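Colleague: Those protein sequence lines, which keep their order, are chains A and B. Heads up: the first sequence begins at 9 in my numbering, then just goes up one per residue. Heads up: the second sequence begins at 843 in my numbering, then just goes up one per residue.
These aren't lab readings, by the way, just hints derived from the structure by calculation. Every value quoted in this text rests on a predicted model; they were computed, and no experiment measured them. Mixed in with the good hints there might be a few duds.
Said to hold, decoys possible - Here are the simulated lysine-lysine pairs, DSSO-like style, with alpha carbons at most 30 angstroms apart: (1) A:Lys312 <-> A:Lys325; (2) A:Lys186 <-> A:Lys313; (3) A:Lys313 <-> A:Lys325; (4) A:Lys325 <-> A:Lys208; (5) B:Lys1031 <-> A:Lys325; (6) A:Lys206 <-> A:Lys312; (7) A:Lys206 <-> A:Lys186; (8) B:Lys1031 <-> A:Lys312; (9) A:Lys313 <-> B:Lys1031.
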Amino acid sequence: MNNINRSQITTLVLLVLTGLVVLLPRVESGAEGANINHIGDSAWYAVVTLTTVGYGGKAPVTPTGKVIGVTFVLASLGVLGLLIGQIGEAITSYRERRRLGHHGYEGRGHIVVMGWNRLTRDVVHQLLETERDLVVISDTQSDVDEMHETFDTDQVFPLYAQYNDFETLAFGNLKASKRIMVGIEDDTTTLLSMLNLKRKLPDANFVVDAEHENLIQTFQGAGVEHAVSTDWVASTVVAGLIFEPDAADFIRDLLTADPQGSGDGTDIQEYRITPNHTFDGQRYGDVFETLVRDHDIVPIALVKKQDDTSELIRLPKDDVRLEAEDYIIVVLHESQEARLEHDVFGVPQGTLD
Amino acid sequence: MIEQFDNHIVVIGWNDFSRKVIDQLVIVDNQVAVVTENPDATSEIEEYFGTDLVEAHFTHFNSFNGFEPVNIERCRKVFINLETDHRELQAVLELQAEYGHDLEIDVVIENEDLEETFRVAGTSYTVSPDSISSKVVASHVFEEDVGTLSTELLRATEANSDCEFQQYRLLEGHSHVGQTYGDLFWRLKREYNTILLGVSRPQPDGSRQLHRLPDHDLELQAGDYAIVITHGEHEEQIVNWFGIDEGITHAEKFDSV
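Let's have the full structure, built from the sequences with the hints guiding it.
Modeller: This is the structure in structure tokens:
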């Protein structure tokens, strides 16, 4: 029985019962010993009977009234079940909507990850370290189930949506996100989704994982800030491991997260120079010495941010001056990460803040 | 001729990924023997690369022996890139059984959970594309400049302004043999604006141990490799200073330590 039929039947039944509630006092009125004399009495009798309570205080005395009473009794078998069923369905439907994320995410400044596969799984695990809220979108319900089982939903908001259904995607509050990472496995689907999203969200900041390197420029032309080809990254590391294995192994260590948090590896991170920080106004050469000698970390680049543009200076010369809102990129042992945020820079790593 | 290749790379398995790897190996003049079980691929490979550095050989992969025609016993490294992790593991085990455990094998795997399995099986390096790419992608999301820089560091230097990871061997008699890591660190920084990030030290068993950001009082030895980040514009000066080209030396595999 489909939903439309069930709804129509329910409405019909309610109409009939309502009609009988109206009719009953008219039939009973004036009869000897009658105690259902107006609609209030009739409604009370109907509720008591339909809910199977049966106080017995009100009852029909006329033959027609008794027929109506029998109808209420028989109906009680179905009405209560129907009502309980409807309530149960509403609760289940509500819980299902919440599980699928269709009650909507209301936060702001979060990161959105579209696509659920091996790569995006790894990306999400790494982004969890940033303590940013994440909205993770998949077009497969079983993926959403997996996310609920795997992640603490305080930090990860799973959303079931088709990648081109903007109405459902809107539950992820994409407009208020800080960055949207698109990692759908098929490049064609990724490109189409990107183009649609870019039309709806022209100011959004996108990062895309593309399977084929030759589409990188296409994505960039479509307005993607950063497009990464998995194959290109991996093939370059492989070639490096053959030709310069130790250098390549070092890069691989820098590029591979340490999800177990053993602290044994090295990492590459960037930190913002806040206004009035001791480094603000200092020569890069002096800051370099301080960080190496006093903190055992090695700066390798500087980023000067002005308005909407930024300049990445690789291996800056010593006489470059650091300014507030610059970012410094460093290589360090992972075990020092916590200390850097609290004792050296006073801000968490990254550029999202 | 492929059977005369020496100190070359043997690539087992031909697909788009193999092509990308070989593209980069050829840039730095490595000889590459490509072994494929697709007979039509051999001419495609040789036409695509169009250089004597790359030759292709057809054979069935029912078992992983019979690679003498590509002179596998004189190769520097074997790179395995087959359709499934299962087949690759089979290839690793059979190649080592046939050609000995000295054979250096790198492999690309789909399931990163199998990295340890392959390491135990005897591979030198196991690469999971998703594992590496996920970091680059994640960096672009929350540390976009790190993402940009990481991507650059992965490229071979094409223009002098690029930044590159390199490794240079400390030759016997070099001025910094017997000096400390800290001495070398500050010398490279001050004279060449080049950053020393680690040292790779040969071990008695032929392997190398990589010391990342070691203590500055680590004493350097002849045969150590200095891992540096440098600008392409300084490369010539760095090469002259170390007295050797970047990378592991071509004779490295067959020399004693």
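Colleague: Now tell me, hint by hint, if it's right for this structure.
Modeller: Each hint, compared with the structure:
1. A:Lys312 <-> A:Lys325: With a Cα-Cα distance of about 14 angstroms, the restraint between lysine 312 of chain A and lysine 325 of chain A holds, given a limit of 30 angstroms.
2. A:Lys186 <-> A:Lys313: Holds. Lysine 186 of chain A to lysine 313 of chain A sits at ~17 angstroms (cutoff 30 angstroms).
3. A:Lys313 <-> A:Lys325: holds, 18 angstroms
4. A:Lys325 <-> A:Lys208: violated, 43 angstroms
5. B:Lys1031 <-> A:Lys325: holds, 10 angstroms
6. A:Lys206 <-> A:Lys312: holds, 27 angstroms
7. A:Lys206 <-> A:Lys186: holds, 14 angstroms
8. B:Lys1031 <-> A:Lys312: Within the cut-off at roughly 22 angstroms; holds.
9. A:Lys313 <-> B:Lys1031: holds, 25 angstroms
Comparing the model with each earlier hint shows a violation of hint 4 alone; every other hint is respected.
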